[in-house]
Amino acid sequence: MTAEKNVALEGCESLLEDSTVNPELKQQFLDLLERYRGEPGAVIPLLQGAQAIFGYLPPWVMKQVAEVANEPLSKVLGVATFYAQFRLQPRARHTIRCCHGTACHVSGAARISEELEKFLGIAPGENTKDMLFTIEEVHCVGACGMAPVVMIDDRAYGKLTPEKAVEVVKAFRAEVEGEEGR
Amino acid sequence: MATLRTLQRPAPQRPRLTTPEVEVSVCLGTGGVAAGSREVLRAFEEGLSQSGVYAVVKPRDEECSCRSASVVGTGCKGLCAMDPLVEIVTRRDGTSTSVTYGLVTPAMAGEIIRRHILGGEIIQEWVVRTDQHETEHDSFYQRQEKLALRHVGIINPEDIDDYLEADGYQALYKVLSEMSPAEVREEIKRSGLRGRGGAGFPTGQKWEFAARYPSPDGVKYFICNGDEGDPGAFMDCSVLEGDPHAVLEGMAIGAYAIGASHGYLYIRAEYPLALRRIKIALKAAEERGFIGDNILGSDFSFHVKVKEGAGAFVCGEETALMQSIEGDRGMPRLRPPYPAESGLWKRPTNINNVETLALVPWIILNGADAFAARGYERSKGTKVFALAGKVKRTGLAEVPMGMTLREVIFEIGGGIKKDKKFKAVQLGGPSGGCLPESLLDLPIDYETINQTGAIVGSGGMIVIDEDNCIVDTARYFLSFTQSESCGKCPPCRIGTKRMLDLLTKICEGKGTLDDLDFLERIAQQVKIGSLCGLGATAPNPVLTALKYFRQEFEEHVVQKKCQAGICTALVTYWIDPEKCTGCRACARVCPVGAITGERKEVHVIDKELCIKCGACYEKCRFDAVRRS
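Line by line, the protein sequences give chains F and Y. For the first sequence, this note's numbering begins at 1 and goes up steadily by one. For the second sequence, this note's numbering begins at 1 and goes up steadily by one.
By construction, these hints were calculated from the structure, which means they are not laboratory data. One or more hints might be untrue.
[Claimed, not checked] Here's a subset of chain Y near chain F, in silico, CB distances under 7 Å, partners left out: (1) 35; (2) 231; (3) 272; (4) 476.
[Unchecked claim] Some chain F residues flagged as far from chain Y (calculated, every beta-carbon gap over 10 Å): (5) 27; (6) 38; (7) 47; (8) 72; (9) 131; (10) 172; (11) 175; (12) 178.
Quick reminder that beta carbons are idealized off the backbone N, C-alpha and C, glycines included.
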């Protein structure tokens, strides 16, 4: 068991020393690991926390999580691939979630997704080239009364048409570009 | 009768220092926020403070002898179709007036301040509800009875003192000071409360089981299942967002009744607002001693942790949910043993749904008889439904069990959007079924609805009209359950995939009559053979669709027609030369340039280029674009 883990963790320490990893994020990650050390059932919150820090789950992060949670890496990877929330690839800064819940489906969600994907030039799960947007399809965000709905990060936009959805994304882009330009 | 204990009675710590002359409350549920209610709230705050007449105050924090106004955010106000909803309560000369406006924009906020708040005029054309006179939306409210939603949309969910002022934690106080755990279980049993998560299992009985099984080390768990995964349902979301303390109080009462010392609140990650509010509520409840060690000074201790789901529908199944809390892949296991005997970390565990727990404090305070007085035969009390889809008044409605589907859809829901023809109502989401017009007079009751092949379910009620295709809807649910199947047992893993393949084949116009029989046969096998509720109920939408709408399936496979025009492979668009005025409107919206024709001359659709998006069909004002 121990031998297996050493193999799994090989190269991990060096990555933690790696100067290309943002030191601030690295510190946040180390704090997160400490917070959950020894707590039962910590794999999921650790992965969620790590993903909140890095935006995705690089292999070395999963190895660290496995060590702290005292679980084999295979189990951590198993968990990371089971749940829809986790991503093993980097994601863009903002996530557009097109709701495909039932209410949204019967109100034309498919055409909204289609139009947004066309506008951004990406497929679900992909990032735009400028790493501004990731687009994905989700099942129900709980705003069925406002169907069809699209969420950008934690903010929901309702009663959309394909055209309005594109307008929303355009406006959002203009807003963040304005903020980042300042 | 247990011995009477002297405990601290919960009371607001920050009483109101000011009674504002004007109280503005804005819906800040997920739906409200999606409609832009945050901007509206800000517009009221700014507009009122700039009015020069009112001081905008926080009534619990600031004393104010001058004319004052408060602006607060609440949970879901119910009628989501009219969001953002804003209620204005004004108190003048000893009388108070309440007016709720709908579809409010920041610009309208300015107008409401000027004309209504300052000028005293009710702006009739924007009114949704008022205590001054009747409105067209009164039928949405009249027959509702709010028990689980008693505080939702009224109190500020982020302020524990608001909850305390509205009888908050009094039920917990009552339970701890004058009832034994057995008496609490008896009271809930007597009320007839059944699990609102979908299965409808009697709650009191569930508690009895969990109380009965001994734990090897004395530890038992009490879990609240907030993994509302049914797409198209937002009841639990609204309760968590609008009245988080009621859920915590229900959990504490339940934990006391079964002897649990630890609890988990499992909420899906797709509900960031619910997560945020429940975390705020938990912290406040811990600080005030309603959750934690020696609650209210008693010897009962109960600790709660919030667990964030990670996106897996199957985690709504209780054994999968516990696996997920333990940090594993959320895969169900065989029962027995039931969680009451061996659940989370192999300890006796009780799991209840959010709405069920929100009802518990109400039952304790108002008595089991009051709850049982409402409802129908073996389905007591009220149930919250999330009305969505093609119904005019989408929103959240809590009605006594036993009301008919027609009353909910046509009276409360106001009928079908654009007065189209009703086709079906889908109850219980991907685990439920669709029911046709002929069954709308059935009462909403667990047993009655089960007999139809659908289920009452967690409360999702999606209305579909003549523009929706029943085959496509069945395929939609199957694609959902198929992608959410955890893969552990073959009937569900393989069966749902085969069913989806067949439904896709039918939607693409390649199906045969034999396929319909085959589909029905697999559906039955998946239903019988699956390990957990996900697989056992996944065929319901297909089986009910075949049962009540077989003709529509046959149209797809025999005549290769989709009346609703949804299955694009079976649809062609063409322009009626008699009606076309040559206005070019259709040509302008066509995304692929498939429509040609000179101005004022008849246009033509190139069938090779057409992608059948239907944009021209929706655009044409002369009914010249035809679909067949």
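Taking the hints in turn, this is what the structure says about them:
1. Checking residue 35 (chain Y) against chain F by beta carbon gives a least distance of about 5 Å; that is within 7 Å, so the hint holds.
2. For residue 231 (chain Y), the suggested interface contact is upheld, since its CB lies about 4 Å from the closest CB of chain F, less than 7 Å.
3. Contact between residue 272 (chain Y) and chain F, as hinted, is supported at the beta carbon level, the nearest pair being about 5 Å apart and thus within 7 Å.
4. The restraint placing residue 476 (chain Y) at the interface with chain F holds, with a minimum CB-CB distance near 5 Å, inside the 7 Å limit.
5. Distance check for residue 27 (chain F) against chain Y: the nearest CB is about 23 Å away, which clears 10 Å, and the non-interface claim stands.
6. Non-interface status of residue 38 (chain F) relative to chain Y is upheld: no Cβ of that chain comes within 10 Å, the nearest being about 13 Å off.
7. Separation of residue 47 (chain F) from chain Y is inadequate, the least Cβ-Cβ distance of about 8 Å not exceeding the 10 Å criterion.
8. Distance check for residue 72 (chain F) against chain Y: the nearest CB is about 12 Å away, which clears 10 Å, and the non-interface claim stands.
9. No Cβ of chain Y comes within 10 Å of the Cβ of residue 131 (chain F); the nearest lies about 22 Å off, and the non-interface call holds.
10. Every Cβ of chain Y is farther than 10 Å from the Cβ of residue 172 (chain F); the closest lies at roughly 14 Å, confirming the non-interface assignment.
11. Non-interface call for residue 175 (chain F) relative to chain Y: holds, since the shortest CB-CB distance, roughly 13 Å, exceeds 10 Å.
12. Residue 178 (chain F), annotated as away from the interface, keeps every beta carbon of chain Y farther than 10 Å; the closest lies near 17 Å.
Of the numbered hints listed earlier, the single one contradicted by the structure is hint 7.
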